[in-house]
Amino acid sequence: MAEQIFFYFFAALSIVSAFLAVTRKNPVVSVVWLISCMFSLAVIYVILSAFFLAAVQVIVYAGAILMLFVFVIMMLNLKTGMVGQLRNLGLKFVGLIAALLILRQFYSAIKGAGAMTGLPPRAAAGFGEAAAVGKLLYSQYIYPLELMAVLLLVAIVGALVLAGKEQS
Amino acid sequence: MWIELLTKVLIAGAVLTGILSFGGVLTWVERKQSALMQDRIGANRASILGFRLLGLFHIMTDGIKMFAKEEFIPRTDHRVLFLLAPFIAWLFSLAAFAVIPFSPELTVAGYQVTLQVANPEIGLLVAFAMMGMAIYGVVLGGWASNNNYALLGSMRATAQMISYEVALAAAAVGPLLIYRTLNMQEIVIRQGQLYNGWLPLWGIVLQPLAFLLFLVAGAAETKRVPFDLPEGESEIIGFNLEYSSMRFGAFMFTDFIEKILVACLTTTIFLGGWQVPWLADDGFRLGGALALELGPMVVWLLRLAAFGIKVCALIYVLMLVRWTLPRFRYDQLMSFGWKFLLPLAFLNIIVTAAVVLVLNL
Numbered sequence: 153m154a155e156q157i158f159f160y161f162f163a164a165l166s167i168v169s170a171f172l173a174v175t176r177k178n179p180v181v182s183v184v185w186l187i188s189c190m191f192s193l194a195v196i197y198v199i200l201s202a203f204f205l206a207a208v209q210v211i212v213y214a215g216a217i218l219m220l221f222v223f224v225i226m227m228l229n230l231k232t233g234m235v236g237q238l239r240n241l242g243l244k245f246v247g248l249i250a251a252l253l254i255l256r257q258f259y260s261a262i263k264g265a266g267a268m269t270g271l272p273p274r275a276a277a278g279f280g281e282a283a284a285v286g287k288l289l290y291s292q293y294i295y296p297l298e299l300m301a302v303l304l305l306v307a308i309v310g311a312l313v314l315a316g317k318e319q320s
Numbered sequence: 003m004w005i006e007l008l009t010k011v012l013i014a015g016a017v018l019t020g021i022l023s024f025g026g027v028l029t030w031v032e033r034k035q036s037a038l039m040q041d042r043i044g045a046n047r048a049s050i051l052g053f054r055l056l057g058l059f060h061i062m063t064d065g066i067k068m069f070a071k072e073e074f075i076p077r078t079d080h081r082v083l084f085l086l087a088p089f090i091a092w093l094f095s096l097a098a099f100a101v102i103p104f105s106p107e108l109t110v111a112g113y114q115v116t117l118q119v120a121n122p123e124i125g126l127l128v129a130f131a132m133m134g135m136a137i138y139g140v141v142l143g144g145w146a147s148n149n150n151y152a153l154l155g156s157m158r159a160t161a162q163m164i165s166y167e168v169a170l171a172a173a174a175v176g177p178l179l180i181y182r183t184l185n186m187q188e189i190v191i192r193q194g195q196l197y198n199g200w201l202p203l204w205g206i207v208l209q210p211l212a213f214l215l216f217l218v219a220g221a222a223e224t225k226r227v228p229f230d231l232p233e234g235e236s237e238i239i240g241f242n243l244e245y246s247s248m249r250f251g252a253f254m255f256t257d258f259i260e261k262i263l264v265a266c267l268t269t270t271i272f273l274g275g276w277q278v279p280w281l282a283d284d285g286f287r288l289g290g291a292l293a294l295e296l297g298p299m300v301v302w303l304l305r306l307a308a309f310g311i312k313v314c315a316l317i318y319v320l321m322l323v324r325w326t327l328p329r330f331r332y333d334q335l336m337s338f339g340w341k342f343l344l345p346l347a348f349l350n351i352i353v354t355a356a357v358v359l360v361l362n363l
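Protein chains in written order, with our numbering: chain A, 153 to 320; chain B, 3 to 363.
Next up, chain B with everything else stripped away, as it sits in the complex:
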């Protein structure tokens, strides 16, 4: 029992450290990529002993800056809620990563090891539940700030996030009807089949519409451009108006964590998770004589890397969108979510259900 507990704690620690570090790197990637798209050089000033390393030290300086700045706490009746709010958002966003299957199972010295903290039967629902709870950080933060602008900003943010949460969940139902499971590992395993021996039957192949809907709703859920009304740093006053120092940093960092979360969920449901095309448990099988034998450890590492590459690619696409499109107006945002995304998602569910029923998949 103690060994199991210890491995669980170690895995959880590894996932937590990995996500937090990746989130930190993303703050740098975001700056560099926006610079690239706007024909600038981007962050490159921070240096240690003259080494600039493409501006990578800006991650550290940002952290130090956030912690070192004076924290201003407004006069409010609800100081505890004000102080707690960023960490509610932070905690629940991170908790959702518990069910993400970063890798398949690997048997090491008789123990089943997998880079997944928990693998409940209702895995995907747990992720959605945690995402839903994370919204409270935004609502309560804006309300406890005792500032009308922050309150309005938080109501705008909440309305957007609960609206797009519905579309997000509805978009995921289509693929779930095909996989017939909510278990995250099982979802990935179901995507390991090949059509005609060459086309990997990933969710994106079976459910292209659901993939687009999920990605768009996911971008809105994480408050990304073109859906960044809740924050709109320089133009609109957002829910985080009264926050300063590391509490502001926590809100901002939560965004990066949620972006990784949406990319992980999309990868798991639509991009085959850790599946590598044509890679079976014992090596590559390209049909006929084309085969490459590989040991289980190599296969496991390849699959773990595949998950990472897919997540990075998705995040890069989301960033490209961010620096390409202008922002939605609030009424456009709402009608887009409720009158376009949601009906399409429902249509997708009905058509998928009918097809699954007729073909008896």
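Extracted from the complex, chain A is given alone in its bound form:
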């Protein structure tokens, strides 16, 4: 009962926030709604017993990445209406294709889910905890994980090169 109330509240909040994040004119206000969206998603993860993922969602997405968004937007001093104007026709076309692909994905996900009644059954004990996720990551998914680490390293080196360019 309590879970259902939480689910419907935060599911609705995440959708409304996501919508507002796209439609707001001011970039900082958009990011605030995006934070709200990410936080609601974390609550939904908790309801689905993915506790570790929920914590990481808040720490990494809502906490760190969106904080950097806010930071960069303030740094660049973006004013109302300065983002979101795609004048380039090629970019508009790419955006359209991406939107269609996402719609297609939504359609197949909803169709594949079938008729759902009530909440899914409870996950087994230990599911979604840090230990279970860690074991999976470092055994079955070790190669993707290492690749991701290399990708992040490349990004860090790239950032250092870009930041150090003007000083030397």
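Check each hint, because a few of them may be wrong.
Derived list of chain B stretches under chain A, where covered just means 3 residues or more per stretch with a C-beta under 8 Å from a C-beta of chain A [said to hold, decoys possible]:
#, stretch
1, 122-129
2, 332-345
Quick partial rundown of chain B residues pointing at chain A, CB under 8 Å, derived from the structure [claimed, not checked]:
#, residue
3, Gly134
4, Leu179
5, Ile180
6, Leu184
If you only want the chain A side, here are some residues facing chain B, beta carbon under 10 Å, derived [as the list claims (entries may be wrong)]:
#, residue
7, Glu155
8, Phe162
9, Ala163
10, Phe191
11, Ile196
12, Leu200
13, Leu218
14, Met219
15, Ala275
16, Ala276
17, Gly280
18, Ala283
Simulated from the structure, these hints should not be mistaken for lab results.
The beta-carbon is built from N, C-alpha and C at its ideal position, and this holds for glycine as well.
Keeping the supplied structure of chain A fixed, place chain B upon it in accordance with the hints.
Using the frame of chain A, we list chain B on its own:
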């Protein structure tokens, strides 16, 4: 179900009231202690019917003053964010206390009672997540003020807090590798062992470097001297420039709450939480004939008191530091965090991991 819900609400209420009252008392302690260190008498004017009570009534007068003052709201496009910002910081700082284990479990009339609102498996991560979210109050408050000085102040504060948050989390990884759990109660229980039968194996004994790093990063995270650039009340213009009345008070009070939070986290991870040295579940065990039988209720109360004493001691140390050291310059602050604290924390992680692996702890 209703009884469980009721006990949870009661425990949450007790923790909330306790933290808020303690925060209020700390405002007085801070004034008195700074006075002591600067050879002054300190706040002692407020009185009720002639009783001054060491100036303790200043807590009340401060509150009344904050609420009674006129609130000035600057002309801004983002009035809602401006009004909300102090409470974002406040709310998330308080939410982090939900996972702090103030006491062990006690069975009363068949019910498990513990002064901990929630005990999730990922407890420590929840605390870090809430601390991370609390930073938004500072950022959005400074931005919504529609004042360039406040904006600069909030960017300075944010840069500092996200930098030291990384060091804070990295410093906590070392002990976590040894405890092998993120659950807050479990972390405390793991620290109950004795080395050679006399030395309590607390986190500070196993991980002295991590303890220092955590405390320093924690002081920076809560914007304490020598890391108080975000506020620097009298010298630097901070993010809270445009705030007045109780909204300013909320920002200031959040600092005290966060200070308690950092002290609670440090106590839990490094100072054995509610563990009392040589106190087992049934009384003191000092080895040999030296033993003292105690009932479960007495043991529980002793442990609760131990947590409080450790937190108070840590806060006192942080206050001593505050009135001793001068403030960092901004570039010194940044290079100290990124080039000194963080590499040391990483080194600590690597060495700890190797030792844990070799000794198979």
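Verification of the supplied hints:
1. 122-129: Since 5 is at least three, the answer is holds.
2. 332-345: Since three or more residues must qualify, the claim that chain A covers the stretch 332-345 of chain B is violated, with 0 doing so at under 8 Å.
3. Gly134: Cβ of B:Gly134 sits 3 Å from chain A, so the hint holds.
4. Leu179: With a closest approach of 12 Å, the B:Leu179 hint is violated.
5. Ile180: 15 Å, violated
6. Leu184: Holds, about 6 Å.
7. Glu155: Where the cut-off is 10 Å and the nearest Cβ of chain B is about 13 Å from A:Glu155, the hint is violated.
8. Phe162: It is violated, given that the least Cβ distance between A:Phe162 and chain B is near 15 Å, above 10 Å.
9. Ala163: 20 Å, violated
10. Phe191: 8 Å, holds
11. Ile196: Violated: closest Cβ of chain B sits about 15 Å from A:Ile196, beyond 10 Å.
12. Leu200: 14 Å, violated
13. Leu218: 9 Å, holds
14. Met219: Cβ of A:Met219 sits 6 Å from chain B, so the hint holds.
15. Ala275: 13 Å, violated
16. Ala276: 13 Å, violated
17. Gly280: 9 Å, holds
18. Ala283: 8 Å, holds
Comparing the model with each numbered hint stated earlier shows that hints 2, 4, 5, 7, 8, 9, 11, 12, 15, 16 do not hold.
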